[in-house]
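Chains A and B are the protein sequences, given in the same order.
So the first sequence is numbered by numbering that gives the first Met the number 0: it starts at 0 and just counts up by one.
So the second sequence is numbered by numbering that gives the first Met the number 0: it starts at 0 and just counts up by one.
The set of hints was computed from the structure by calculation and includes no laboratory data.
Idealized CB from N, CA, C, for every residue including glycine.
Hints may contain errors.
To be verified - Okay, derived cross-link-like pairs now, SDA-like style, lysine to any residue, Cα gap no bigger than 20 Å in a straight line: (1) A:Lys23 with B:Lys61; (2) B:Lys114 with A:Lys23; (3) A:Lys23 with B:His19; (4) B:Lys120 with A:Arg60; (5) A:Lys23 with B:Arg13; (6) A:Lys23 with B:Glu15; (7) A:Lys97 with B:Gly146; (8) B:Lys114 with B:Ile139; (9) A:Lys23 with B:His18; (10) A:Lys23 with B:Ile139; (11) A:Lys23 with B:Leu56.
Claimed, not checked - Derived CB-CB ranges, DEER-like: (12) B:Ile109 with A:Leu33: 35 to 41 Å; (13) A:Met72 with B:Ile3: 50 to 56 Å; (14) A:Asp10 with B:Arg5: 53 to 59 Å; (15) B:Met22 with A:Met8: 32 to 38 Å; (16) A:Leu6 with B:Lys145: 49 to 55 Å; (17) B:Lys145 with A:Lys97: 18 to 24 Å; (18) B:Met0 with A:Lys23: 40 to 46 Å; (19) A:Val79 with B:Glu73: 17 to 23 Å; (20) A:Lys97 with B:Glu73: 41 to 47 Å; (21) A:Glu75 with B:Ser143: 42 to 48 Å; (22) B:Ser123 with A:Val79: 20 to 26 Å; (23) B:Asn74 with A:Glu34: 32 to 38 Å.
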Amino acid sequence: MDKVPTLKMGDTLILTIQVELHDKTAIRLQEDILERVYDTKPQGLVIDVSAVGVVDSFLGRMLSDTATMVRTMGVETVLVGIQPEIAITLQEMGLELKGGAFSP
Amino acid sequence: MAEIKRDEDGKVIRIEEEHHVDMARRTAKECSVLMGFGEVKTALIATSVSELARNILVHAGKGTVVLRAISQEENPPSPPFGKGGLGGFSGERRGLEIVFADQGPGIEDIERVLKGGYSTKGSSGIGLSGAKRMMDEMEIESGSGKGTTIWIRKWL
Ligand SMILES: Nc1ncnc2c1ncn2[C@@H]1O[C@H](COP(=O)(O)OP(=O)(O)OP(=O)(O)O)[C@@H](O)[C@H]1O
Ligand SMILES: [Mg+2]
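Go ahead and model the full structure; you've got the sequences and the hints to work with.
This is the structure in C-alpha cells:
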C-alpha cells in the first residue's frame, strides 16, 4: 500500500481506511498517521472506518494505540463509521477502543 | 445431542506466515456469506477466525485451519412418531465448523486462558476467550507439549 490517503479539511485531518486491513499494513498505517499528524498539525484527526469489515483484537489495539499516541501529540481522534456488526463484535469480544471519541 | 455430520470437502488453510492469517479471515468471511449467515454472525465468525489463526502463528509458529459446513439433526424423532409417522418432523440445523490445529507447545492451563485477560506473551489475552463468547460452541484439546486443536461452531 502507498501512503495513507488523507484529506485536510480546515483544521481537521481526515483519514479513510479504504481496504480490508492486513496485519502488516496496519502497523505501517499507524506510523503513517503519526507522521501525517506531525506534518499537518491538525486540530483533530478523523479516522473513517466504515469500509473496515473486521476489527479483531489486533486491529482494535492498533486503533486504540494510534488514538492514544495522537493524543500524546496534542491531537484528539474521532473514529467514525463503525458498522453495527463491528460494534456488536467488539462488545462480545470485550474489547474497548480507548484513546479517542466516536461519531456515527 | 445428535451427532454432527461434517461435509466431506473442507477448505484447508496453512498458517505459516502473517498473510495466511488474513487469508483465513477472508476465507471464513466468504464461507459464512455463502452459507447464508447474516452480517453480524459473519463478523463474529471472521473475527474469531482471525484471533485463533493468529494464535497459531504467534504461540505455535505454524498449523492449519479447516473450514467445513456441518449439520445436525434437531429433536431426533422417536418412534412411533418418527420419520413419516405422526408429527414426523425432523429438522436439521446447518452450521459452520472451523478447526485450528497445531503441534506447538500446547496450552497449559485452559481454564485460566478461557477466563480471559491471561497472556503468556504480555498481550491483552482477549483472543481465545473472546472467540468463545463470539461463537456458539468451542472445544479445546491441548496440553503441555501436545499441541493444540480448537473446534469452533456457529449455527445458522
Ligand atoms: N495455539 C496455541 N498454542 C499454544 N498456546 C496458546 C495457543 N493459543 C493460545 N495460547 C495460550 O493462551 C493464551 C491466551 O490466548 P489469547 O489469544 O486469549 O491471548 P494472547 O494471544 O496472548 O493475546 P491477544 O489478546 O493478543 O490475543 C496465550 O497467551 C497462550 O499462552
Ligand atoms: Mg491471541
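Hint check:
1. Of the supplied pair hints, the one linking A:Lys23 and B:Lys61 holds, its CA atoms being roughly 18 Å apart against a limit of 20 Å.
2. This hinted pair does not check out: B:Lys114 and A:Lys23 have alpha carbons roughly 29 Å apart, beyond 20 Å.
3. A distance of roughly 12 Å separates the Cα atoms of A:Lys23 and B:His19; the hinted pair therefore holds under the 20 Å criterion.
4. Between B:Lys120 and A:Arg60, the direct Cα distance comes to roughly 15 Å. Compliance with the 20 Å bound is thereby established for this hinted pair.
5. In summary, the hint linking A:Lys23 to B:Arg13 is supported, as the alpha carbons are separated by about 18 Å, within the 20 Å threshold.
6. Of the pairs offered as hints, the one joining A:Lys23 and B:Glu15 holds, with about 15 Å between alpha carbons and a cut-off of 20 Å not exceeded.
7. Straight-line distance between C-alpha atoms of A:Lys97 and B:Gly146 comes to about 34 Å, which puts the hinted pair past the 20 Å bound.
8. At roughly 14 Å between alpha-carbon atoms, B:Lys114 and B:Ile139 fall within 20 Å of each other, so this suggested pair holds.
9. Our distance criterion of 20 Å between C-alpha atoms is met by A:Lys23 and B:His18, whose separation comes to about 8 Å.
10. A hinted pair counts as satisfied when its Cα atoms are at most 20 Å apart, and A:Lys23 with B:Ile139 does not qualify at roughly 29 Å.
11. Of the pairs offered as hints, the one joining A:Lys23 and B:Leu56 holds, with about 14 Å between alpha carbons and a cut-off of 20 Å not exceeded.
12. Restraint check, B:Ile109 to A:Leu33: a C-beta distance of roughly 39 Å satisfies the suggested window 35 to 41 Å.
13. At about 52 Å, the beta-carbon gap between A:Met72 and B:Ile3 stays in the expected band of 50 to 56 Å.
14. In this structure, A:Asp10 and B:Arg5 meet the distance hint of 53 to 59 Å, their C-beta atoms being roughly 57 Å apart.
15. The given range of 32 to 38 Å is respected by B:Met22 and A:Met8, whose C-beta atoms sit roughly 36 Å from each other.
16. The supplied range of 49 to 55 Å is met by A:Leu6 and B:Lys145, whose beta-carbon atoms lie about 52 Å from each other.
17. With their beta carbons about 37 Å apart, B:Lys145 and A:Lys97 fall outside the hinted range of 18 to 24 Å.
18. B:Met0 and A:Lys23 have their C-beta atoms about 42 Å apart, which keeps the hinted 40 to 46 Å range intact.
19. As the Cβ distance of A:Val79 to B:Glu73 is approximately 42 Å, the hint placing it in 17 to 23 Å is violated.
20. At roughly 42 Å, the beta carbons of A:Lys97 and B:Glu73 sit within the given window of 41 to 47 Å.
21. The hinted window of 42 to 48 Å between A:Glu75 and B:Ser143 holds, with their beta carbons roughly 46 Å apart.
22. Judged by the Cβ atoms, the range 20 to 26 Å given for B:Ser123 and A:Val79 holds: they are separated by roughly 24 Å.
23. Roughly 60 Å separates the CB atoms of B:Asn74 and A:Glu34, a value that falls outside the hinted 32 to 38 Å.
When the structure is compared with the earlier hints, violations turn up for hints 2, 7, 10, 17, 19 and 23 and for no others.
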